[in-house]
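Starting from the known structure of chain A, fit chain B onto it as the hints suggest.
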Amino acid sequence: MAEMKPHISIKGEELFEIAHFPVTNSVLTTSLVVVGFLFIASYYFTQVKKNKRSLGFYAINELLTMIHGLMEGVLHNKIKMFFGLLGSFFFFILLNNWSGLIPGVGTILWKVQEHGETHMIPLFRGGTADLNTTFALAAVSVFTAQFFGFKYLGAVVHLGKYFNFKDPVMLFVGILELILEAARILSFAFRLFGNIFAGEVLLTIVPFLLPVYLSFISAPMYFMEIFVGLVQALVFVILSTIFINMATSHDH
Amino acid sequence: MDAESMRLLGTALAIGLGAIGPGLAIGLIGSRAMEALGRNPEAEAPIRTTMILAAAFAESVAIFALVVALIIKFV
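So the sequences go chain by chain: A and B. Going by our numbering, the first residue of the first sequence is number 210, and it counts up by one from there. Going by our numbering, the first residue of the second sequence is number 11, and it counts up by one from there.
Chain A with its partners taken away, still in its complex shape (with noise of 0.2 Å):
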């Protein structure tokens, strides 16, 4: 019992390279999701053409309305522009946040040789427990929201939001907004990150601690993952929808 320490890394570990471009296990987990997502997304395809559809097809159903309800409410009539990309936020940051939760996922181990020494590091690990896709992720809805902010407003009023040259109060609160943007895309990376790899780092560390027998005890803590992998997506989502409406809206 000298040296067992539970396996704890920051970053996804590169398991194997295709041509110089090194795959983790996060970049493993993420594309296997994204397969998964594709046969759900026929499954629903092909029960929409059906007169008797399932009941899976029903449940899927009332997530994509609950989902487009709550984003109408606050884009109004632009969602028919905007759900295509937020929808697909929603389920991909879903899937890959309860990724990390099914059994396997962390703990099967695949031996990798590293300038000569030997390491075991885990197979598969859950998609936004990387930095890296997080930051992806985040990078994308802000530059979306400027994107569109520069095509709905156009580029003078667009620009004028930050460089506001009225007074120079004016002036500094356009030049804070614009750092705002800036740290808008850590705080998205860091919230999705920081949530779902404290739920790992906890769900290793809990059982670890615990005798085999008494380890039914880390099952609230399982159940408080699904939940906060639920609401994280919900969150990063929501955070999104009000940021894109705030930067094609001309308000102020």
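FYI, nobody ran anything at the bench for these hints, they're computed from the structure. Backbone N, C-alpha and C fix where the C-beta goes; we use that ideal spot for every residue, glycine too. Don't take each hint at face value.
[Unchecked claim] Straight-line alpha carbon distances no greater than 25 Å define the calculated BS3-like cross-link-like pairs of lysine-lysine that follow:
#1 A:Lys-360 x A:Lys-287
#2 A:Lys-220 x A:Lys-287
#3 A:Lys-360 x A:Lys-289
#4 B:Lys-83 x A:Lys-214
#5 A:Lys-220 x B:Lys-83
#6 A:Lys-360 x A:Lys-370
[Claimed, not checked] Partial list, computed: chain B residues near chain A (C-beta under 7 Å):
#7 Leu-63
#8 Ala-65
#9 Ser-70
#10 Ile-73
#11 Phe-74
#12 Leu-76
#13 Val-77
#14 Phe-84
Below, chain B alone, put in the same frame as chain A:
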């Protein structure tokens, strides 16, 4: 005081002190939400949604502190 002890101390302080503010904030958000709900029980759905949204904002500050603590410990 060698580096290893300071690292452990830094981890504990980062998350310990970093959770004070968000804890208070989420408590205040919940209490004001319940007050608003008591005044106007018909507006339950918007109050509930806005409360969860505001609580997620406040919690993200605690998560930033947790990420710093994890980076100190494991990197």
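Hints versus structure:
Restraint check for A:Lys-360 and A:Lys-287: satisfied, since their Cα atoms lie roughly 13 Å apart, inside the 25 Å limit. For a cut-off of 25 Å, the pair hint linking A:Lys-220 to A:Lys-287 is broken: about 38 Å separates their Cα positions. Our distance criterion of 25 Å between C-alpha atoms is met by A:Lys-360 and A:Lys-289, whose separation comes to about 15 Å. Only pairs whose Cα atoms come within 25 Å are accepted, and B:Lys-83 paired with A:Lys-214 is accepted, the gap being roughly 14 Å.
With a C-alpha separation of about 13 Å, the suggested pairing of A:Lys-220 with B:Lys-83 holds against the 25 Å cut-off. Distance restraint check for A:Lys-360 and A:Lys-370: the Cα-Cα separation of roughly 14 Å lies within the 25 Å cut-off, and the hinted pair is therefore satisfied. The beta carbon of B:Leu-63 is positioned within 7 Å of a beta carbon in chain A (closest approach about 6 Å), and the interface hint is therefore held. The beta carbon of B:Ala-65 is not positioned within 7 Å of any beta carbon in chain A (closest approach about 9 Å), and the interface hint is therefore violated.
Against a cut-off of 7 Å between C-beta atoms, the interface hint on B:Ser-70 holds, since the closest Cβ of chain A lies about 4 Å away. Because the beta carbon of B:Ile-73 sits about 3 Å from the nearest beta carbon in chain A, less than 7 Å, this interface hint is met. At about 6 Å, the closest approach between the beta carbon of B:Phe-74 and any beta carbon in chain A falls short of 7 Å, and the interface hint on this residue holds. The interface hint given for B:Leu-76 holds, since its Cβ lies 5 Å from the closest Cβ of chain A, which is under the 7 Å cut-off.
Below 7 Å, beta-carbon pairs count as interface contacts, and B:Val-77 has one with chain A at about 4 Å; its hint therefore holds. With a least beta-carbon distance of about 5 Å to chain A, the hint placing B:Phe-84 at the interface is held under the 7 Å criterion.
The structure is inconsistent with the numbered hints 2, 8, although it conforms to all the rest.
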